[in-house]
Amino acid sequence: MPNIRTIKTTQEAKTTTFSSYSSSFPMQPMHLSAETPTSLKTMFALRFLRAYSKINRYKSPSCLSSSSSSSSIVRRCKRIKLAAYASMARAVGPKRAWSRALLHKVLHRTRLHQSVTRPKVSGAGNGVAGGAINRTDKLRRLVPGGERMDFCSLLGETANYIQCLTAQVHVMEGIADSLPPQAWF
Amino acid sequence: MSSRRSRSRQSGGSAAITDEQIIDLISKLQALLPEIRDRRVDRVSASRVLQETCNHIRSLHREVDDLSERLSQLLSTSDTAQAAIIRSLLM
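Chains A and B, in that order, are what the protein sequence lines are.
If you use the numbering used here, the first sequence corresponds to residues 21 to 205, in order.
If you use the numbering used here, the second sequence corresponds to residues 60 to 150, in order.
Be aware that a few hints might be false.
[As the list claims (entries may be wrong)] Which chain B residues face chain A? A few, computed with CB under 7 Å, are given here:
no. : residue
1   : Ile-76
2   : Glu-128
3   : Leu-133
If you're looking for bench data, these hints aren't it; they were derived computationally from the structure.
Predicted model, so just to flag it, every value in this text is computed and none were measured.
Glycine included, each C-beta is placed from N, C-alpha and C at the ideal position.
Let the sequences and hints guide you as you build the complete structure.
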């Protein structure tokens, strides 16, 4: 099965890629195949592509003239990012605590990831145990909903979140590599 | 935000959790981290696994950021061609 990323960008290669793209998606080589069901990747890809094409259509009629201005690219970048996280959370469904929390954040327009630079918690960081607690706290802030999880659920949810994020990155890369290259800004 | 954080301090509570369960969860996590995936489980401390987990999640978030930027730039020209391609991807 040819990897999407290795395909040349000649017009001929493109047409064959695109016709076989969706059918080849489920058979993509993945190191996480045991844990990440392929259907999840496909479901995320479909949801995300639908949202992506909506963003594309939305900006074309009214703001055509300003569509390549840097502010509209920044705005569109944010919408694409939100669409990616929302599509992933919806594809996973409500069975995971992180996906419920993530969807809640997206719907309520809360910041997706809390800022990394925070004043240090006093008292933490003394000795090995302090370091571990500090790291657990950092992890809680990185995993959506992590602040309200007990330690065991945090570890389990983190593993699943990493698998899904990895799938998300693969799908987004696949889409970006399939689109014809543009002039870079 | 700070009020919510103080609530999170009650972690590690429930007594039913055994050490084995935690070790099992940590080693599952380790298997997902490219930096330390291939090391022997007993050679990597739990604290290191947590550290690498944070780093890995941050780098995945950055990748999503970069890809969103790339995809938004790809949308900025030749709308009709893009739309046709996206449609064909959706088929």
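ask   = So which hints don't hold here, by number, going up?
value = Structure breaks no hint.
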